[in-house]
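**Student:** Here the protein sequences come in this chain order: A and B.
Per this note's numbering, residue 471 is the first one in the first sequence, and the count goes up by one each step.
Per this note's numbering, residue 7 is the first one in the second sequence, and the count goes up by one each step.
Heads up, a few of these hints could be off.
Quick partial rundown of chain B residues pointing at chain A, CB under 8 Å, derived from the structure [unchecked claim]: (1) 395; (2) 398; (3) 399; (4) 410; (5) 417; (6) 420; (7) 441; (8) 452; (9) 513; (10) 518; (11) 519; (12) 523; (13) 525; (14) 536.
Read the hints as simulated data drawn from the structure, not as lab findings.
Small disclaimer: the values here were computed from a predicted structure and weren't measured.
Glycine is no exception: its CB is placed at the ideal position from the N, C-alpha and C atoms.
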Amino acid sequence: MSTITAQRPRRSGTTPAAARHRVAGGLLDPQQLLRSTPDALRKLDPRVQLRNPVMFVVQVGAVLTTIEAVATPTVFAWVITVWLWLTVVFANLAEAVAEGRGKAQAATLRRTKRETTARRLPQWRPGARVTEETVSEETVPAVALRVGDHVLVEAGGVIPGDGDVVEGIASVDESAITGESAPVIRESGGDRCAVTGGTTVLSDRIVVQITSQPGQTFIDRMIALVEGASRQKTPNEIALNILLAGLTIIFLLAVVTLQPMAIYSHARQSLVVLVALLVALIPTTIGALLSAIGIAGMDRLVQRNVLAMSGRAVEAAGDVNTLLLDKTGTITLGNRQATEFLPAQGVSLEQLADAAQLASLADETPEGRSIVVLAKRDLGLRARQEGELVGASFVAFTAQTRMSGVDLPGGHQVRKGAASAVREWIRAGGGEPAAELTSTVEAVSAAGGTPLVVAERVNGTARALGVIQLKDVVKEGIRERFAELRAMGIRTVMITGDNQLTAAAIAAEAGVDDFLAEATPEDKMALISREQTGGRLVAMTGDGTNDAPALAQADVGVAMNTGTSAAKEAGNMVDLDSNPTKLIEIVEIGKQLLITRGALTTFSIANDVAKYFAIIPAMFASVYPGLDQLNVMRLHSPTSAITSAIIFNALIIVTLIPLALRGVRYTPSSASALLRRNLWIYGLGGLVLPFIGIKLIDLLVQFIPGLR
Amino acid sequence: MIAGWWQALLIVAVLAAVHVPLGDYLARVYTSPRHWRVETALYRAFGIDPQADQSWSRYLASLLAFSLVGALLLYALLRLQAHLPLATGHPAVPPGLAFNTAVSFTTNTSWQNYAGESTLGYLAQATGLGVQAFASAAVGLAAGLALIRGLTRHHTDTVGNFWVDLLRSITRVLLPLSAVGAVVLISCGVVQNLADPQAVTTLAGGRQIILGGPVGSWEPIKLLSGDGGGFFNANSSHPFENPTPATNVIEIILMLVIPTAFLRTFGTMIGDRRQGWALLAVAGLLFAFVLVATGAAELAHHDPATLAAGAATEGTETRFGAPGSATFGVAATATADGAANSSYDSFTSLGGGVLLATMMLGEISPGGAGSGLYGLLMITMLAVFLGGLMVGRTPEYLQKRIRAPEIKLIALYHLATPAAILVGAGIALALPVGRSAVGNPGAHGLSEIVYAFTSSANSNGSAFAGLAGNTAFYNTTLGVVMLVGRYLPIIIVLALAGSLAQQHHGPVTTGTLPTHRLLFISLVTGVALILTALTFIPALALGPLAEGFHTMPSGY
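Isolated chain A (complex conformation) (with noise of 0.2 Å):
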């Protein structure tokens, strides 16, 4: 089978550091053009026509001057229209050259959604055993499947819908939705509890609650996502379309009744100069591409394997003022690690460091297995075996005594754990705990850190030995990204269950705004709703179930893939890399979306000076000719001119396709600073060009036979 990771580029090397400051897109392959063709042809269709009011004026236009050619026929008739027809299909080129890019990714992820069978178990309850002998199974095709359904399903197995685990654990191959090869673990209760219909299991056997109709599972939205069939306009589009329906409305008027004032002044004009001047003045730049650039700016999210279930989400994400963000795997690399260790006075760093490590030796979690990783790191103590420590029982962490180790033969013992645990096992074994210790305890706190207290007792005496101070480590980069998102006016505030002390030190390490310290759910709501009464807009990240109403209070809420489906079925975006940092990439193609929407409307309406400077005195020289002194481009001919006008405002669009499809360059900086980049390059970029382009145009166009 496969998968849809051949069409994607992967970005999973998305570590800040690696982050690439242009949001980039795919490149523009200029066979595309033509496999598009036949659909650009097909949307010349009125009634599809009629969504884009711009295009739809220019289309008419060409109708009327079709039937005027074919009535008198001339070349300039003939030329005009023919590049008429050509700006309405450009237009229709660049959206279906966008909408083609998603069909492509559509069509793999329809293979992926192939005819499969379900294994219904309509008499199975949770809690019971899967028997054979206790659960009568029927085999039903997956469409007929409806939601609360219980499949099941074994190794080799296509996962038939959407759904939660209710019994069993098993390894998942998802690459078909997210393109990861490696297998993940779904299993019931808890955050890992979310399967996707289409995926499949690689070992044991899980029984599966359907929580979603055919129809509508994860992969059917996917490919109405790529496809643009969901496709809605979103906020600040239909504000542009009205803008841009606005001003053609203006334009309208302004060559309608110039009519009558031309006839005044001797100077009629033929319905096909009409025309071609509307068509020149109308936002045709703007109004060609709007829809592509909407469509491509999803198409980024896919790219990033970001899915936006409305496009009203991408525009949020420009907007967003305040990002939650979870401490863990977005701004420290995971769990907390060990990083060094702190003997005690009369102890040296050996001792400490082969006590932690023998203590730590069962101990299975992330910290344990960091403290003996840094035991080997700084002082090269090899990890010993379990077998070579004869006779030795270890002792697990459990809630109540706070603290692991070993029981080594001979009545030594080692413990390592809380510090307040060890100072009482120290006591009981008639020790007595310096005040130095204290005091180092202290201090790692301080600074952020979890200290570890490790003790010994021989011959029934214990002693301290030292602390290990664990502590979480920041991401390479993400206090730069940080400082980029300042400049962007987004602030960025540290979610984490750590206390005040710990809390306030990553974040001043991570260079964050704000933090929120032992936040529960709740106290992750409140904030959101602190920050949304104040006006701000607020992006998260979340995965579990208890995310889930702070997902879906939040303005742009991201949920990881790996999360429950509650969690998925709350948020507005599903990242399927279950990359928290990519909330960043998001806010960023956001507002690359609405810039390049921006920047083109300013450079479409820039451009009509030029074309002014080409057509009026074209218009009118003949029978003012003072008139011709605005000819500053000393074009050929009246109609070599408004031929000239017509032809770069139908190429403009074709050549613009690559920009509105990548989008323009954007770069986290200050409004001012955007503002000032943009006016220049699309604002003074837009007046002059035309002025260039025209001529050169005008230069060919002039030797046309019977062009004059």
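Fit chain B to the supplied structure of chain A, relying on the hints for placement.
**Tutor:** Chain B in isolation, oriented as in the chain A frame:
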């Protein structure tokens, strides 16, 4: 010629000094919780609760009802003037002209299809037109105030109380300022009497009828209100209205003072004076731009007549000279006032074209009383929309988001006036009845018609002359265009105020587009210029540009 520019500098200096305290005073007037005794008495008489804030639709209904009643009363007064005192022998105004005039003064346009001295008695002038000068200016200020409140308030559907805004504008702003202005102007030689026409024998032995009238009390409100209708047909070129270069400067200042001070009021009321400065900067840039352009056109001399005179002096008053006329003309067209101290028809083709284009900007440099502010805010919000997208956020202005419902209104606003102008002028040029009224053939005639509709649609009222406007066709079409050009924008402005008032205020961060910096000011100015140019260049090309470039010797 240098003196002319010193005059402009003097005006700028006086306005710079005056607009700050006046603007702050206005802000206090409109935010004070106290009512004057005379105001309370009037509220009681009309059964108005001055404490009750109105929703935008109630506010609008009050505004429209007030204007309708005003227009009907004025119409009645004009039709019945023969039967009323102080008619000085004038008969009733014919229905078509009465409609046009009533609409004209109610809409703060004061387009005059009549000559004041030969059509109207003192009662009609002073109580009919004069009262509407106050009322129509107060209506404009009210619409501006509602929009300010829409921007400052949140989570509400109220935008203030129309009656309170209206009355305070009259009692606390327009009346006191007019009184001061009248005293100053009368002391400088402007006529003020209720005398009958005087017959005199001139030096050459001919007989001339000299008309007087309550001109001194009329003049300041004509200028302050943005109304601009002349007591005499010759408007401010008549020596009784504007006798000296000194009164000329005073009159220019009176035209500009409320529109500029109101921008300060805006900054003060929204609690961010920088935003007021930004709007003033946009208005100032546009004003400087058109002033320099007009000056250059008028002072350029390249044919024998203008070379001899040193400037294009035809149609200008020798009292003021070409610069004084150019400055007055620019001020009158840039403020929606439309007064005249010279014949704009006789300006050079390009100079007259600049005055025409100044109005086409939509009266934002700095525009009329109240209407200048909302015009500037509308173009600013359009620039915010483009600029906001370009910084990657949903566009926001003063912490209010410009989304689909808002941009719909903003787009409609920018469509309304151009549509009225272009459709009106297009119809007039298409019909023989419209074409036959022009005083000059060719491009100049086209300018006359386009000017008439532009002036009417923008509530300006200045005339290019030449056009015989007192016909059934022009009385009707210009009247309709005045109504559309005044009230459609006001309806849109109030709807926008209501929509904005309901929103909450968003936060301000470094990601928010700053709307007070030079970059943004240039963006707004650029958007205003480009949008106007794109809409009107075809019309301008066939009028002033065709004429101007045509008459210009090649290789100039």
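**Student:** Next step is simple, just say for each hint if it's right about the structure.
**Tutor:** Quick rundown of the hints versus the structure:
no.	hint	verdict
1	395	holds (3 Å)
2	398	holds (3 Å)
3	399	holds (5 Å)
4	410	holds (4 Å)
5	417	holds (3 Å)
6	420	holds (7 Å)
7	441	holds (6 Å)
8	452	holds (6 Å)
9	513	holds (5 Å)
10	518	holds (6 Å)
11	519	holds (5 Å)
12	523	holds (7 Å)
13	525	holds (6 Å)
14	536	holds (7 Å)
Taken one by one, the earlier hints all hold for this structure without exception.
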